[in-house]
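Novice: Residue strings, one per chain:
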Amino acid sequence: MAFASGYFKTTYKSDLAIVETFSLWICLIILTLGLIFFPFFASAFLMDLANQVFLALIGAIALMLLTGYAGQFSLGHAGLIAAGAFTTAILFKELNAPIWVTLPTSGLTGAILGITFGLPSLRLKGLYLALSTLALHFIVIYIGAEYETQRGFATGVVIDSPSIGPFLIEDPRLWYFSLLIIDILVVIFSINLVRSRTGRAWMAIRDRDVAAEALGIKVASYKLSAFVLTSALTSIAGCLFAYYRGFVSVEAFSLHMTIEYLAMIIIGGLGSILGAIFGTIFVVLLPYIIDALVDILHVPTRLTTYMFAIKYSAFGLIMIIFLVFEPSGLVGIWHRIRDYFILWPFKHKPLGER
Amino acid sequence: MMKKSLFGIVALASFMALFLTPAFAGDAYLVGFSVAVTGRGSGIYAPVKDAFDIYFKQVNARGGINGHPVKLIIKDNAAEPSKAAAHAKKFVTQDKVILFMNAALSSTYAPMVQVAKRYNVPLFFAGAVCPDAVYPPKADPNLYCSTAFGAKYDSRFAIPFIKNQAKGPLKLGLAAMNIPVSRGEIDFAEELAKGMGIEVAGKVAIPPPTPDYTPFATKLKSAGANWVYAWAPWGCEVKTFEALRKLGWKGKYLAYAHIQAEDDLARLKDDDFYVFGTNAFFADDTEMHKKIRAISVKEKTIYPYTQLTEGWIAAMVLEEILKKTPWPPTPEKVRTAMNQIKVDLEGLKGGPLVWTKGNHFRTVNYYRVYKWDSKKNGIVIVKDWSPLKVE
Amino acid sequence: MQIVVNVIVLAALYCLICCGYVLIYRASRVLNLAHGELMTIGGYFLFTVAIGLGNDPVQSFLLAFIFSLALGFIVYFFLMRFMAGESALASVLVTVALGILLRGLITLIWTSQYRHPLQHLGMENSSHQIVEGAVISTFGIAMVISTVLLYLVLFLCFKFTRWGLRMRAVGENPILASQRGISLHMYYALSWGIAAFSVGLAGMIQACDSGLDPDMFVIGLKAFPVVLVGGLDSLGGVIPAAFIVALAEILTIHYISPQASEVAPFVVLISMLLIRPWGLFGTKEELERV
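Protein chains in written order, with the working numbering: chain A, 1 to 354; chain B, 1 to 391; chain C, 1 to 290.
Hints in this document: simulated from the structure, not taken from any laboratory. Check the hints yourself; a few may be wrong.
A partial selection of chain C residues facing chain B, derived with a Cβ cut-off under 7 Å [as the list claims (entries may be wrong)]:
1. 2
2. 10
3. 112
4. 137
5. 213
6. 250
7. 253
8. 258
9. 259
The calculated label-pair distances, taken between Cβ atoms and stated as ranges, are [what the hints assert, rightly or not]:
10. A:174 / B:164: 56 to 64 Å
11. B:197 / A:295: 56 to 64 Å
12. A:297 / C:52: 31 to 39 Å
13. C:125 / B:380: 18 to 26 Å
14. C:255 / A:108: 32 to 40 Å
Every residue, glycine too, gets a C-beta built ideally from N, C-alpha and C.
Pulled out of the complex, with its shape left as it was, chain A reads as follows (with noise of 0.2 Å):
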C-alpha cells in the first residue's frame, strides 16, 4: 500500500499512528532531508525568506488553533505579536535578560492577554468578538509606543542576537535550523493537541456550542485555553521575531499584519494544520514571487512606479482569485491533485473522510 487512498483503519494502533503509511513515512524523510540540506544550497535571500516562512508559521498555526479548530474569531494577532516582541525589548533593555528568560516572559504576557481578550468570547461570537479583539490590538501598541517615546527609542528599540549557552545565534544558517527545529516541534505539538481530548472539544465548540455544552464540554473553560493557548504562542513568535528583526517599532506591527495571519490561514484552508503551513509558505512568498516574475519582464525605468502600484495590487487581486475560487484553500487544491493520483485511473471519492 502506497498512500492511503482512504479510510482503512482495523486496529486502534493504526487509528493513533500519525504517519499512516510507510511510503509516507519515506516522503516525510526526504522532506525532512531537503530542508536540512536547503541552507547549504540557498542564497542568503533565501534564507531570509525561509526564515521568514518559519516565523510566520507560528503564529499561523496559533490563530489556526484558534479560529479553525475552536472557531473563535481574532483581529488581536498582530497586537499578540507586537506583546511578544515588546515584553522581549523591554526586558532585554531594561533587564539585560537572555533569551530564555524572555521566551518564557513573552509567552506568559501572551497567555495573560490571552485570559483577558478571551473573556469576551464567553459572550460574544463571530464579528463581534473578532472587534473585540481589536481593541486589544490597539492597546497594546498604544502601550508599546509609550514605552518607545517615553524611553527614546524613537526609531525602534535594537536588540542584541540572542545567544543559547556559548552559541550565538546570528548566523541566517543557525537561525534556520533553530526555527525549523521550533516549527517542527509546534507543528507536531498542535497535531497531537488537535487529536486529543482538547483538540476534539474545541472542534465540537466550533461546530455546535450548545450541543457541545449538553455533551459535557465544559464550553467556557475550553474557549479559555484556546485563547491562552493561542496567544501564549503568537506571543513567543513574536519574541522571536523580535530577535530575528534585531529590533521592535511598534510601525512594524500594522493591522495589515493581522490581516496577512487571517489571510494565511483563510487561503490555506480553515480547519487543517497542513493548510496553515500551505498558507504561510503563499502568502509570505507571494510578494516575492510577484516581483520576481516582474524582474523578468524588464520595465522601462519611468513605469516601475506604476508596476510597483500594480504589485500592490496584484497581492489582493491574487488573494480575491483564491477566496472566490477555492473556497476550500490550498489544502483543498492539495487534497484534489493527490486524490486525483492515488486513485488513478478511477474518479471516486476517497473513501471515508480523511
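With the hints as your guide, set chains B and C onto chain A.
Specialist: Chains B and C in isolation, oriented as in the chain A frame:
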C-alpha cells in the same frame, strides 16, 4: 479537475521563478534602493525614487561615471520591515551591490541596518528621517544620511527663531504626531523652550489616523498659544494649522518644510504660516532649479518638480560618491569615498554637504525660513541661510 | 462651547461612515473592511471630476455621487455576489483583499501625493461663528447637514416605501424573502450602492475639509467602535453611539491627554461589550449566550 490541478502547477511554476535571478552586466556601479513607493507614508518617499530615475537616466546618457554606467536596483518595500529586510539581503548577497539605500518609514531601518553591519556594506538614507547613528561624534561606519531634516537639530534652530520673531509675550504651542520620532523631537523642543525661558502653553501629540484635527487645534487655541511649532509629517503639520485657522486662531505657526511645503504655501496663501528647512525652494529659481524643472517636464515625472529636490540632492551625493570610487568598486572603497565627501549642491542647500569619518549627517546644517507674502503675491525668504554647526 | 461643536462634527462624520457598515451587515451579514478605501475613492472621484469640470461644485459633486454609487453596485455584482453563502470570515477576508486591491489602484491612478479637491472646485472652506465662542467650518456644516438628510431619507424610506420594506425583509430572513419573490441580489446590490455612496460622501467632504491622500482609508477603521457600540445591525443605534464615542474621544483630548484619544473609542467599546454585548440597539438574538 484537471483545470484545478493546473492552478496548482501555475503556482508551482511561479514559485520556481523565485530561484531564477536575472544576471547583471558586470561593468556597472550596482546600487540597491529599497523605497516605499506604495503603502504608508509613500507620499514623501515615492518622489525620491522619481528624482533618482530622471537623474541617473541623465548620468547614464552622458556615459556614466568614470566610464561605467550606474545600475540602480529599485525595489518597493511598501513600508513593511520584512520586505525591507529581504531586499537588503538580496542586494548584498545576490546582487552584490557596493552600496544600498533606504527611503521609507523608520520601522524599515533596523533590519536594513542589521544587514549593513553584518555584511559591512554602506547604507545610505535618503528622504527619510536620519537615524541617530549617523550623528557625530561617533557615526556608525556603515550608515550615512542626506535627508534634509534631522531630529535634535531642527528644534535648535526653530525655537530661537521663534523667540527672535515673537514681539511681546510669547506663549508657545507644540504639535507632534503620535509617532516616536515626532514626539521625541517635540519633547526636546519643549525642554529647549523651557531652558530659554519661553512659556509653553500646550503640547499635543496627534494620533496618525485622525479624521478631524479641530479638537486638537481647540486644545492649542484654548491654551492661549500665540506661536505654534510643529515637527511632524507634513500632513499633520498643515492640517493642524488649517484647523487652527478654521477656529479663528490669529497666531503664527512654524512648521518643518517637507517636500510638499512649497505647493502648500501657495495654496494656503497665509502670511503667518512660516516653514523652515534646509532645502531651497523653487521660488529661488537658481540655475539648478531651472534644470530640475526642465528635466522633470521633459521626462514627465509622476510627481511635480517642486517635490523632487530631496531626491535630487541624494542623487547628486550618490553621483559624487561614485565619482570618488575608483573602478573596480568595492564597499570598502565606497566607504572611504563617503567618509571624505564634499558635495557642492549648487544652491539647493545653503552650503556644501560634507561628511567626515565621525559625522555622516553633515558638518554644518543651513536653515532657511520661507513664508507666503500676500503683498508680493509670492513666497519670500524670512530668514536667509543660517548655519548651525553639527557636533 | 467649541467642544460641543467639535463633538457634533466628529459624530456626524462617524454617522456618515458607519451607515454603510450597518447597511451591508444588515443585508448580507458581511462586515465590509474595504469601507475606508471606498471612502478614499469617493474623495478621489470628486478630485478627478473637479479637475475635469473645473469650478463647478454642484455638477462635480453630483457626478462624484453617481460614481460612488456605481462603484458600490460594481463591487457587489462583480465580486461580493460570488461570496453569497460562503462563510462570514471568508467574505470579510474578500473585502480585506478588495481593500488592498483598491489601495493599489488608488496609488496607481492618483499617486500618493496630497490632493486638494477644494482648489479645483473653486470653493472656500471659511469658518462661521454660530454661537459665542464656537466656530464651525463650511464643510463641517455640510457634514452635519448631509448626515441629517441621509439618515432622514433612509428612515423614511425604510418605514414608508415598498423597497424599504423589502430591504428590511431581506435583512431579516433572506430565504423567506426570496421565496416571496424579492430579488435578493438586487437588494444586496442596493445596500452596497447606498453604503458606497454614503461613505464616499463622507470621503468627499473630508477631502474638501482637510485634503486627500491614500492613507485616508485608516479613518474607516477608526469608525469601527461606533458600529459595535451602536449594534452592528441597527441603523438607529449608530447616532447615539457616534455621539458617545465622539464625546469620549474629545473629552480625552481635552482633559486626559491628546495621544490617549486613540484608545478612548476602544475603552468605550470594551465597557459596552461587558454591559450590553449586542450594542445599544442591536438585536439580542444576534448573540447567543454560552
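Novice: So, for every hint listed, does it hold in this structure?
Specialist: Against the structure, the hints come out as follows:
Taken as an interface hint, residue 2 of chain C checks out: its beta carbon lies about 5 Å from the nearest beta carbon of chain B, inside 7 Å. Interface hint status for residue 10 of chain C: upheld, as the beta-carbon distance to the closest one in chain B is roughly 5 Å, under 7 Å. Using the Cβ-Cβ criterion of 7 Å, the hint placing residue 112 of chain C at the interface with chain B is satisfied: the shortest such distance is roughly 4 Å. With a cut of 7 Å, the hint placing residue 137 of chain C at the interface with chain B holds, because the nearest CB-to-CB distance is about 5 Å.
Hint on residue 213 of chain C holds. Least Cβ distance to chain B is approximately 6 Å, under the 7 Å limit. Contact between residue 250 of chain C and chain B, as hinted, is supported at the beta carbon level, the nearest pair being about 5 Å apart and thus within 7 Å. Contact between residue 253 of chain C and chain B, as hinted, is supported at the beta carbon level, the nearest pair being about 5 Å apart and thus within 7 Å. At its closest, the beta carbon of residue 258 of chain C sits 4 Å from a beta carbon of chain B; the interface hint therefore holds under the 7 Å criterion.
A least Cβ separation of about 4 Å between residue 259 of chain C and chain B falls short of the 7 Å threshold, and the interface hint therefore holds. Range check, residue 174 of chain A to residue 164 of chain B: about 57 Å between beta-carbon atoms, so the 56 to 64 Å window is met. With their beta carbons about 59 Å apart, residue 197 of chain B and residue 295 of chain A fall inside the hinted range of 56 to 64 Å. Distance hint for residue 297 of chain A and residue 52 of chain C: a CB-CB separation of about 33 Å, consistent with the stated range 31 to 39 Å.
For residue 125 of chain C and residue 380 of chain B, the Cβ-Cβ distance of about 25 Å falls inside the hinted range of 18 to 26 Å, so the restraint holds. The hint said 32 to 40 Å for the Cβ distance between residue 255 of chain C and residue 108 of chain A, and at roughly 35 Å that hint holds.
When each numbered hint is compared with the structure, no violation occurs for any of them.
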